[in-house]
Amino acid sequence: MSYIYPRVSDSVIIKHQEKIASPEIIQSRYEDLGYICSHSVATAIYLACHLQKPILIEGPPGVGKTELAKVTATYLNAPLIRMQCYEGLDESKALYEWKYGKQLLYTQVLKEQLGDVLRGARGLDESIARLHDFGDIFYSQEFLEPRPLLQALQSQDGAVLLIDEIDKADQEFEAFLLELLSDYQVSIPEIGTVKAVSTPIVMLTSNNTRELGDALKRRCLHLYIPFPDAALESRILATQVEGLDSQLREQIVALIGKLRDMPLKKSPAVSETIDWARALLLLNVEELDSHWVKETLNLLLKFQDDIELVEPEIKALLKSLP
Amino acid sequence: MRFVADFIGALREAGLQVSPAESLDALKAIKLLGLESRETSKTVLALTLVKRQADQVIYEELFDLYFAGVEKAKASNKEAIKTSNKASNKEADKSESESSENALDAKSNSSSSQADMSDGEGMQTSPSSSLGQALGKNKDMSLAITQAAIDEKLSSIVLFTQKNHFAYKIMQRLGDEALSTEIRADANSPEHKSSLEQKNSPEHKRKQRKLIKSRARLLDQVKDYVEQQYGIFAQHKGLKYREEYLQQAKLSQLDRLDYKLMQRLVQRAARKLASQHSRKRLTRKRGQLDVRKTIAANAAFDGALFHTRWKATRIERPKIVAICDVSGSVSRVARFLLLFLYSMQDVMPKVRSFVFASEMIEVTELFKQQGIELALEDIMKRWGGLSTDYGKALAGFQSQALASIDKKTTVIMLGDARNNQGDGRTDIWEKVFRQSKRVLWLNPEQRNSWDSGDSIMSEYSPWCSSVEPCRNLKDIERIFSRLLKYS
Chain P
326 MSYIYPRVSD SVIIKHQEKI ASPEIIQSRY EDLGYICSHS VATAIYLACH
376 LQKPILIEGP PGVGKTELAK VTATYLNAPL IRMQCYEGLD ESKALYEWKY
426 GKQLLYTQVL KEQLGDVLRG ARGLDESIAR LHDFGDIFYS QEFLEPRPLL
476 QALQSQDGAV LLIDEIDKAD QEFEAFLLEL LSDYQVSIPE IGTVKAVSTP
526 IVMLTSNNTR ELGDALKRRC LHLYIPFPDA ALESRILATQ VEGLDSQLRE
576 QIVALIGKLR DMPLKKSPAV SETIDWARAL LLLNVEELDS HWVKETLNLL
626 LKFQDDIELV EPEIKALLKS LP
Chain W
132 MRFVADFIGA LREAGLQVSP AESLDALKAI KLLGLESRET SKTVLALTLV
182 KRQADQVIYE ELFDLYFAGV EKAKASNKEA IKTSNKASNK EADKSESESS
232 ENALDAKSNS SSSQADMSDG EGMQTSPSSS LGQALGKNKD MSLAITQAAI
282 DEKLSSIVLF TQKNHFAYKI MQRLGDEALS TEIRADANSP EHKSSLEQKN
332 SPEHKRKQRK LIKSRARLLD QVKDYVEQQY GIFAQHKGLK YREEYLQQAK
382 LSQLDRLDYK LMQRLVQRAA RKLASQHSRK RLTRKRGQLD VRKTIAANAA
432 FDGALFHTRW KATRIERPKI VAICDVSGSV SRVARFLLLF LYSMQDVMPK
482 VRSFVFASEM IEVTELFKQQ GIELALEDIM KRWGGLSTDY GKALAGFQSQ
532 ALASIDKKTT VIMLGDARNN QGDGRTDIWE KVFRQSKRVL WLNPEQRNSW
582 DSGDSIMSEY SPWCSSVEPC RNLKDIERIF SRLLKYS
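Top line first, the protein sequences correspond to chains P and W.
So the first sequence is numbered by our numbering: it starts at 326 and just counts up by one.
So the second sequence is numbered by our numbering: it starts at 132 and just counts up by one.
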């Protein structure tokens with residue numbers, strides 16, 4: 326009972342061939358958009374587009390996993406459809422829901438028309454036969470409320486579908502995604518199979534709070550984004566925080582690198598580095614000193630234990646900076 | 132493409148689970164981006180093949196090993212082409228005043244086979260074995276070695292002791308026998324068809340020395356190659372064999388050295404079980420109105436909502452109480468039982484752990500606070516190896532934990548039921564059995580030694596849902612998977 330859409334248009338992937346011609350192009354254009362990425366990230370995007378495969382992005386929080394999806398959507402002029410996962414998420418929130426209210430109204434309307442339909446029917450058999458002939462739209466597209474996954478499949482010009490923090494969802498939901506990820510289609514029991522109008526680019530992110538199933542991993546490219554190295558982080562800061570003195574920038578990056586080597590509960594991520602740099606800029610700090618670091622440490626470290634661990638070390642840390 | 136396929140084989144040997152679909156993806160991706168840049172191919176293969184963070188290290192190690200070899204082969208290929216080009220250039224210049232020796236050299240270096248044939252026949256000094264000829268021409272052998280290695284199935288290498296064997300076989304395949312005969316014959320047998328004065332001619336001696344030298348060089352090359360392939364294919368295979376062996380080995384016969392590996396295995400097993408387990412728990416957490424089912428159920432009532440249908444609301448969190456004997460009689464397996472106890476508490480919710488020799492001691496907190504090594508050490512030092520008193524221990528258990536045992540609780544006992552002729556207090560065990568959902572007794576001794584000597588297994592067994600021998604890791608895995616299926 327699958328239904329066909331009137332127009333099948335080019336997907337974003339085909340439309341923007343020249344934009345995804347090589348990983349190098351992607352890398353440099355993303356940079357123009359303010360997202361500095363490593364070569365492997367660019368390669369992943371390139372492969373995702375050309376092999377039409379979903380990417381599973383893993384990595385510590387705050388290294389720009391979600392940001393990558395946003396930038397990709399901007400870059401390809403495609404709508405970003407985002408679905409945040411959580412425990413208990415099921416298909417009625419992720420895929421579709423019926424418009425129950427309207428369905429109930431419809432049955433009321435139907436009841437009133439029933440007399441007209443059945444007028445003149447002889448016997449029960451004929452009445453039922455007429456009922457069957459009468460179109461049944463109770464479960465049909467009219468009453469379908471698309472949720473993010475279905476929206477992504479139905480969008481005419483393709484889309485970037487971001488399934489955020491898939492590890493937070495239950496295992497059954499993961500299994501439910503498999504059909505979507507491998508064939509870009511979903512089954513709705515009452516209607517049939519809905520195929521993608523144009524292949525969306527699918528990105529899944531995970532913070533590794535639980536191990537994902539092998540079946541899911543097999544269907545995806547697996548991209549691990551680690552904390553950036555000093556050079557890359559320095560470039561990220563340069564683009565994200567304008568007007569930051571280059572020497573201060575180097576100092577910030579070096580200090581963050583040192584902090585990440587310490588046994589902290591939560592290491593400062595890139596997003597925290599950026600926040601911190603912005604704060605220092607606002608405070609007109611020209612050089613890192615122990616006073617300012619101590620004052621602003623809570624921007625970098627989110628646990629009191631961590632702060633207590635780092636505070637006595639600040640002087641030593643600052644001394645070792647370039 | 133062959134390289135990639137072989138590489139995937141190597142990855143599988145190392146324990147990565149690479150499915151055919153993923154291999155296909157990798158091949159497609161490589162087709163798109165090529166193998167030219169090492170960095171790119173490394174990223175591409177990582178993206179398509181390596182799906183687990185833990186595998187990343189193995190992957191990188193293997194990739195470097197493998198592609199170093201590939202690149203070396205490529206580079207030497209190019210070199211060979213270059214030299215042969217040079218040689219033919221020289222040949223072209225031959226008409227000009229070149230010394231005859233130079234010209235000969237150039238000719239034998241030339242890649243054209245026809246020239247080779249005619250030269251070979253004409254020259255007395257050229258070696259007769261084909262391998263010798265090839266070596267004489269400084270031909271690059273790496274391709275031939277690779278081919279020979281494939282023919283000899285080098286990728287099936289498992290143990291380091293096989294390295295020499297494979298090196299020998301590859302040499303044989305390359306035609307080493309003929310070459311050695313030639314060297315030996317030239318050196319030792321004066322009645323060989325070549326005449327004596329020819330033997331002693333300086334030219335001939337030089338040729339011989341050259342042959343010996345190049346054979347040694349070839350042998351080195353083959354050995355290097357085997358070494359590299361061993362690194363790729365075998366290192367991890369050995370580990371796999373060892374793990375398989377450990378799974379079946381009897382617990383009491385394990386070496387202390389194996390504990391670390393064993394610990395990994397146990398944790399893996401426990402985690403596997405726990406993930407299945409937690410899934411069950413999560414599905415039952417929901418408690419919402421199931422609108423679709425409600426409407427469907429009320430369709431017959433004109434759309435008026437008569438009956439409500441709910442998504443399952445039963446929340447069931449099974450509780451586990453695990454008791455572990457650490458007394459002298461089980462001392463050889465106690466460490467292992469504790470290891471499992473620890474892993475279990477680590478991965479499952481709501482586990483209370485106890486250990487006993489004569490006193491019952493709750494170690495749940497101890498496990499929570501300390502790492503596995505420390506906790507085990509601590510327990511063994513404080514309570515391990517003492518004499519058993521099941522009666523006293525069970526009395527202790529009664530006062531500490533009996534009240535918290537209800538119909539959702541599974542009680543697991545790890546012990547040998549050897550009670551030193553004391554009163555077993557089976558009445559307490561009966562109470563435990565009646566109050567709990569299930570009682571499991573895992574005995575580290577085999578069935579026919581139960582009830583022998585001071586073992587009173589049969590006194591306890593009426594009050595157990597099941598009594599199982601638990602002698603190796605496989606046993607434990609089986610028992611626990613069944614256990615979790617129930618809960």
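Please note that the accuracy of each hint is not assured.
Below, computed lysine-lysine pairings styled on PhoX-like, alpha-carbon distance capped at 25 Å [what the hints assert, rightly or not]: (1) Lys591/P / Lys499/W; (2) Lys395/P / Lys344/P; (3) Lys159/W / Lys436/P; (4) Lys159/W / Lys340/P.
Just so you know, these hints were derived from the structure itself, not from any lab.
If you're wondering where the values come from, they're calculated on a predicted model, not measured in any experiment.
Satisfaction of hint between Lys344/P and Lys395/P, Cα-Cα up to 25 Å: Measuring from Cα to Cα gives roughly 16 Å; hence the hint holds.
Distance restraint between Lys159/W and Lys436/P, which requires alpha-carbon spacing of 25 Å or less: violated (57 Å)
Hint consistency between Lys159/W and Lys340/P [alpha-carbon to alpha-carbon, up to 25 Å]: holds (21 Å)
Lys591/P paired with Lys499/W [C-alpha distance capped at 25 Å]: holds (20 Å)
Hint violations for this structure: number 3 only, all remaining hints satisfied.
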